[in-house]
Amino acid sequence: MLTPGLYHLLFISSALFFIGVYGFVTRRNLVTMLMSIELVLNSVNLNFIAFNKYLWPNGLDGLFFTIFIIAIAAAEAAVAIAIIINLYRSHNSIDVEQAEEMKY
Amino acid sequence: MSGSIFIFYLLAALTLGFAVMAVSTRQIFRAAIYLLFSLIGIAGIYFWLQYDFIAAVQIIVYVGGITVLIIFSIFLTQQAGELLPKQKIGRQVFSALAVFCAFALVMLQLYKYKFIAGTGQAVAPTISNIGGQMLSIEEGGYALPFEVVSMLLLAALIGCIVIAMRSVDTSTQTELPS
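So the protein sequences, as listed, match chains F and X. At position 87 of the first sequence (counting the first as 1) the number is 87 in my numbering, and the numbers step up by one without a gap. Heads up, my numbering is the position in the second sequence plus 1000, with the first residue counted as 1.
Quick caveat, the hints were computed from the structure, so don't treat them as lab data. Since the structure is predicted, the reported quantities are computational estimates derived from the model, not experimental observations. For every residue, glycine included, the Cβ atom is placed at its ideal position computed from N, Cα and C. Treat the hints with care, since some could be wrong.
Label-pair ranges, simulated between beta-carbon atoms [what the hints assert, rightly or not]:
1) F:Ser-90 <-> X:Tyr-1113: 45 to 53 Å
2) F:Leu-2 <-> X:Gln-1050: 14 to 22 Å
3) X:Ala-1056 <-> F:Ser-93: 57 to 65 Å
4) X:Phe-1072 <-> F:Asn-92: 12 to 20 Å
5) F:Arg-28 <-> X:Thr-1126: 21 to 29 Å
6) X:Lys-1114 <-> F:Leu-2: 18 to 26 Å
7) X:Val-1148 <-> F:Gly-5: 32 to 40 Å
Anything over 10 Å on all C-beta distances counts as not near chain F; from chain X, calculated [claimed, not checked]:
8) Gly-1003
9) Phe-1103
10) Ile-1137
11) Glu-1138
Full structure from sequences and hints, please.
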């Protein structure tokens, strides 16, 4: 029970996922919401690596999925920050409550 | 309890503890720093699992790239030393309750499920194995997703520039050289 195995890693990754979801629901600032999304994506990566290590040792497919998720997360963060900076420029705030209309 | 097990639990506690602090602190800069430590903890777990390449990628991309990007955007959009506005206590309690219930449900289902491990020759996650399979065009190769992701990164970079670019006034546009 004490020896770390698949279930311990799955516990960590699901806990991390729900911490991220909690942050996404409670925060009202776009940058902190982006941080929560990063936590969620990291939990998914950890899940893929754990399954690849313990259930699929004769392949590297989980690892490739992790690499692609990291690449897409980097692209997503860059686009999100561009949008945040643009929103700050037009509304002078990055609070989601103040960005109600979708007008350029 | 051997040293390896102790290190695993230490890394797990570090990751989860800093993640909780990152989503609950009211100082946004501290939240970014806590997120940084949480990501380093995940990289440590990858090292513990002996997936060295993924751990290195995690440190380079997340710790070195995304966190720095987030800190920059905090500096650009936030007044220094300003606390985030206090959330309604009802919303916090309700979200924590909902999240905890969902987590408990997932863990219950997980511990009831028996996973079946794959058999066969184990493939070590060395860099030569990863690189060979990543660029292979045979069955099981990942050359096509690799190309698609590189196109997506290019599109994202161009999209960032277009979105964040300051829009030029139409009155001054005629004075710019084409």
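Going through the hints against the structure:
1. F:Ser-90 <-> X:Tyr-1113: 45 to 53 Å: 49 Å, holds
2. F:Leu-2 <-> X:Gln-1050: 14 to 22 Å: This hint holds: roughly 20 Å between Cβ atoms.
3. X:Ala-1056 <-> F:Ser-93: 57 to 65 Å: Roughly 38 Å apart at Cβ, these two residues miss the hinted range, so it is violated.
4. X:Phe-1072 <-> F:Asn-92: 12 to 20 Å: The hint (12 to 20 Å, Cβ to Cβ) holds, given that X:Phe-1072 and F:Asn-92 are roughly 18 Å apart.
5. F:Arg-28 <-> X:Thr-1126: 21 to 29 Å: 45 Å, violated
6. X:Lys-1114 <-> F:Leu-2: 18 to 26 Å: Since the Cβ atoms of X:Lys-1114 and F:Leu-2 sit about 20 Å apart, the hinted range of 18 to 26 Å holds.
7. X:Val-1148 <-> F:Gly-5: 32 to 40 Å: Taking Cβ atoms as reference, X:Val-1148 and F:Gly-5 lie about 34 Å apart, which means the hint holds.
8. Gly-1003: Its Cβ never comes within 10 Å of chain F, the nearest being 12 Å, so this holds.
9. Phe-1103: 4 Å, violated
10. Ile-1137: 14 Å, holds
11. Glu-1138: About 14 Å separates X:Glu-1138 from the closest Cβ of chain F, which puts it past 10 Å; holds.
Hint check: violations occur at hints 3, 5 and 9; the rest are consistent with the structure.
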